[in-house]
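Peer 1: The residues making up each chain are set out below.
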Amino acid sequence: DAKTTQPPSMDCAEGRAANLPCNHSTISGNEYVYWYRQIHSQGPQYIIHGLKNNETNEMASLIITEDRKSSTLILPHATLRDTAVYYCIVRAHRDDKIIFGKGTRLHILP
Amino acid sequence: DGGITQSPKYLFRKEGQNVTLSCEQNLNHDAMYWYRQDPGQGLRLIYYSQIVNDFQKGDIAEGYSVSREKKESFPLTVTSAQKNPTAFYLCASSMRGSGANVLTFGAGSRLTVL
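Protein chains in written order, with our numbering: chain A, 21 to 130; chain B, 539 to 652.
Incorrect hints may have been included.
[Said to hold, decoys possible] Result set (DMTMM-like, lysine to aspartate or glutamate): computed pairs, CA atoms no more than 25 angstroms apart in a straight line:
| no. | chain 1 | residue 1 | chain 2 | residue 2 |
| --- | --- | --- | --- | --- |
| 1 | A | K23 | B | E553 |
| 2 | A | K23 | B | E607 |
| 3 | A | K23 | A | D115 |
[Claimed, not checked] With beta-carbon atoms standing in for the labels, derived distance ranges:
| no. | chain 1 | residue 1 | chain 2 | residue 2 | range |
| --- | --- | --- | --- | --- | --- |
| 4 | A | A112 | B | R582 | 42 to 50 angstroms |
| 5 | A | G49 | B | Q579 | 30 to 38 angstroms |
| 6 | A | M30 | B | R634 | 31 to 39 angstroms |
| 7 | A | H127 | B | A599 | 31 to 39 angstroms |
Calculated directly from the structure, the hints in this document are not laboratory data.
Keep in mind it's a predicted model, so treat the numbers as computed, not measured.
No residue lacks a Cβ here, since even glycine has one placed at the ideal position from N, Cα and C.
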């Protein structure tokens, strides 16, 4: 089973920040949080990852709670091209059995 | 450019036939993976391999087989024993070792059983 829980779908207005939550209450100390997204009929694309600290790159920001039991992916200015399914997974660096959940389907509304 | 190449992109097969999906990577990654995706669903792990000549079953391995004779190649055979093979198949690879290891995915192969 997946180690993460995400809402099945979310809406966000174009130009606003999209905040996608992920619950990973059983995360262990050596597991990273990764986010990927999948645009329709394509292979998933890596977005960002983090261990303890908040992270930011050109695509998004990742906020991890202090107890590490949940995280939020933030797309600061959502566009129609951000419409996709977003997957949150946890993985230790030696963990090769990588399980995906069903992700969150993000709809960007014009 | 480095990446993962899956072929064919689209494949049609008659019931009772085996079919092999190709996955090749030039990223020098150690680990490779096969996932299956059904419409509106997430990714389910079929098989994965950490090193050459070794692989492990994922959650839905029945009716599938793999080989890992070369580091860069991890073909998936969908056998006639797979009862519902029509799906989108995704191959991925990753480094192994300390720190974070990002998965890189191919573009996918869509198999339709007629």
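Peer 1: Do the alpha carbons of K23 of chain A and E607 of chain B lie within 25 angstroms of each other, as the hint requires?
Peer 2: Status violated; Cα separation ~31 angstroms.
Peer 1: Verify the CB-CB distance for H127 of chain A and A599 of chain B against the hinted window 31 to 39 angstroms.
Peer 2: holds, 34 angstroms
Peer 1: Evaluate the given range 42 to 50 angstroms for the C-beta pair formed by A112 of chain A and R582 of chain B.
Peer 2: Because 21 angstroms falls outside the window, the suggested range is violated.
Peer 1: Assess, step by step, whether the Cα of K23 of chain A is no farther than 25 angstroms from the Cα of E553 of chain B, and give holds or violated.
Peer 2: At roughly 35 angstroms apart (the allowed maximum being 25 angstroms), E553 of chain B and K23 of chain A break the hint.
Peer 1: CB of G49 of chain A to CB of Q579 of chain B, is that within 30 to 38 angstroms?
Peer 2: holds, 31 angstroms
Peer 1: What's the verdict on K23 of chain A and D115 of chain A, does the C-alpha distance respect the 25 angstroms limit or exceed it?
Peer 2: Status holds; Cα separation ~13 angstroms.
Peer 1: Does the hinted range 31 to 39 angstroms hold for M30 of chain A and R634 of chain B at CB?
Peer 2: Given a distance of about 33 angstroms, which is inside 31 to 39 angstroms, the answer is holds.
Of the numbered hints given earlier, the model fails hints 1, 2, 4; all others are met.
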